[in-house]
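Participant: Residues per chain are reported as follows:
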Amino acid sequence: MATLTEATATRRSAHRVRRRRVKAAPYLFVAPFVLVFAAFSAYPIFFALQLSFTDWHGAGALKITGLANYRYLLTSPDFWQSMATSGALWLLVVPAQVMLALTIAVALRKARFRGLFSAALIAPFVTPLVAMAQVWIILFDQDFGAVNHGLSSIGLPTIGWLTTSAWAKVTVALLVLWRTTGYAVILLMAGLSTIPADVYEAARIDGAGAWQQFWSITVPLVTRTLSFVVVIGTLTVFQLFAEPYVVTGGGPFNATRTAGLYLYKHITNSDLGLGAANSMLLVVMVLALSLASIRLLRSREDS
Amino acid sequence: MKSVGRYGLLTVAGVISLAPLLWMMASSLKTGGDIIARPFSFDPGQLTLTNFRSMLDTIPIGTGFRNTAIVVVVKGALTMVFCPMAGFAFAKYAFPGKRVLFATVLTTLMLPTLVLLIPLLLEMSQLGWVSTFQALILPGAIDAFGVFWMRQVILAIPDELLDAARVDGAGELRIFASIVLPVIRPGLAALGVLTFINIYNDFVWPVVAVNDEQHQTLQVMLSALAQNIRSGQLGADWTSVWGQLLAASTVAAIPVLVVFVFLQRHLIKGVMAGSLKG
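These protein sequence lines are chains A and B, in that order. To convert a position in the first sequence, counted from 1, into our numbering, add 2. The second sequence: position 255 = 251 (our numbering), numbered continuously.
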């Protein structure tokens, strides 16, 4: 009996020593992440919040100006134009992307050579954005570009892809769609793969056609993935920077000056307080849009 | 779906995905005049390396490659070691402060990175880091997404496996290095591919953080070339400029495409894993 308790005691103390070591370990493991995170994510966010209430231009003391930056932005036509431009691009990109990606993913689900098709579809996603943006300038050039060359060779009128306000948005949207739709397809493939086959089996026995199966099984069951695709698309579009920066420089006549490019303008103008306020408004916008999209898609799920 | 429609659709989608890439590479080997006059023809007998030669004279693309390589290697290594490490702590330990910390990680995932642009730039200038490698490497290294993702992957490891190693007297770091890392190798491969592609293609931060050519990454260098063209600074010789641009874009695309061809399985698996947690 005595030996037994002794053994338990030694085991316990050994356990305690091990526990102490185990206690320190997780802190050491998260430490590098926490350090970088604190220094280059958390601190800058609070700094930006503070800056947004000042008229800081990059030098001198911080002068608190209260809500002046926010008031300025919310009454500035340029700010609203940049938001409207991002909104227009959202409309051009996100609904088209969701429909295209879902159709392609459904087609891909039972296809042969799935690996080959997926590889082709995801390839644009890995290409260097800046390189492809340059290719876009050349392909869509009004006078010498291959796209207009192709259009006129089949007897269609040529288009001012980069020189007219409306088409410039379309050209930028096409680049975003081309680069990111394959990514959405792969995401949706993952979502589709979680739907058990016997659900379709049962529907078929009940006499549901392909179209009915699509609407009453596939769409509701991938709602989670769909909302993920929409949220990622929303984040992408409202942060759009490199595409318009390289392809159009925000032109013509600021027609493609997205929220991201407008933010960048504050930096080049050294209006840093104003820029910080603009960032905060952008965060609110993106969060609101993402949450609204999720809410909208989830409500379909419940009904 | 009828199979004609299915394969028709997939083929069209596949062709559209690849066409701009193939067009870029094919055209980079054609003369400027040909790119414009015959954009869709490709005559293997007429190929030329002129565009590549004049591109090498116009931009110091070697410097761009070197800078990008430095950033990719260091930033990539930090991410590949410390994301799984933090993920391990979140997945397999109970410690005070874990909930708050993890909630913070989740919130950051939703924040647009553009928000950080201005304050980070100011932070860099306070530190005297503008136009340095530190500025390119540290912000964005060990990112919250990687930590979150690795946590999900490590959650799947059975606790018994770790406890058995503990009974055998293995230290926690040992357990991480010789049990956790080998087990999650597929997840690590996917994280590696995505990390490489993201860092290689990063543009917004490098364009803001660096003002001198010595530290410009490849992508920033390329965009400067495009800007010169838009503002007409390279003169009226459009045809030669287009050829150079296509040559530079092709050269910049090759490393990612090589990685992609060999590791696309991991990439696709990685993207799929990323969505299932959604």
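Worth flagging that the hints you see were computed from the coordinates, not collected in a lab. A couple of the hints might just be wrong.
[Stated by the list, open to error] Per label pair, the in silico range of CB-to-CB distance: (1) F48(A) to F258(B): 56 to 62 Å; (2) K94(B) to V286(A): 25 to 31 Å; (3) R62(B) to G211(A): 37 to 43 Å; (4) L289(A) to D164(B): 21 to 27 Å; (5) I66(B) to S272(A): 40 to 46 Å; (6) R206(A) to D164(B): 52 to 58 Å; (7) L14(B) to R206(A): 52 to 58 Å; (8) A168(A) to T54(B): 45 to 51 Å; (9) G117(A) to E209(B): 22 to 28 Å; (10) S272(A) to G4(B): 44 to 50 Å; (11) L14(B) to A63(A): 52 to 58 Å; (12) W82(A) to T103(B): 41 to 47 Å; (13) R206(A) to R62(B): 35 to 41 Å.
No experiment lies behind these values; they were computed from the predicted model shown. Beta carbons: idealized from backbone N, C-alpha and C, even for Gly.
Participant: Give a verdict on every hint.
Facilitator: To see whether the hints hold, each was checked on the structure:
Under the hint 56 to 62 Å, the C-beta atoms of F48(A) and F258(B), about 42 Å apart, miss the expected range. Distance hint for K94(B) and V286(A): a CB-CB separation of about 29 Å, consistent with the stated range 25 to 31 Å. Against the hinted window of 37 to 43 Å, the Cβ-Cβ separation of R62(B) and G211(A) comes to about 59 Å, which falls outside the hint. Hint check: L289(A) to D164(B), Cβ distance near 48 Å, so the stated range 21 to 27 Å is violated.
The supplied range of 40 to 46 Å is broken by I66(B) and S272(A), whose beta-carbon atoms lie about 30 Å from each other. In this structure the supplied range 52 to 58 Å holds for R206(A) paired with D164(B), their Cβ-Cβ distance being about 54 Å. L14(B) and R206(A) have their C-beta atoms about 35 Å apart, which leaves the hinted 52 to 58 Å range violated. A hinted range of 45 to 51 Å is violated for the C-beta pair A168(A) and T54(B), which are about 34 Å apart.
With their beta carbons about 42 Å apart, G117(A) and E209(B) fall outside the hinted range of 22 to 28 Å. At about 54 Å, the CB distance of S272(A) to G4(B) disagrees with the hint of 44 to 50 Å. With their beta carbons about 56 Å apart, L14(B) and A63(A) fall inside the hinted range of 52 to 58 Å. In this structure, W82(A) and T103(B) break the distance hint of 41 to 47 Å, their C-beta atoms being roughly 28 Å apart.
One distance hint, 35 to 41 Å for the beta-carbon pair R206(A) and R62(B), is violated here, with the actual separation near 59 Å.
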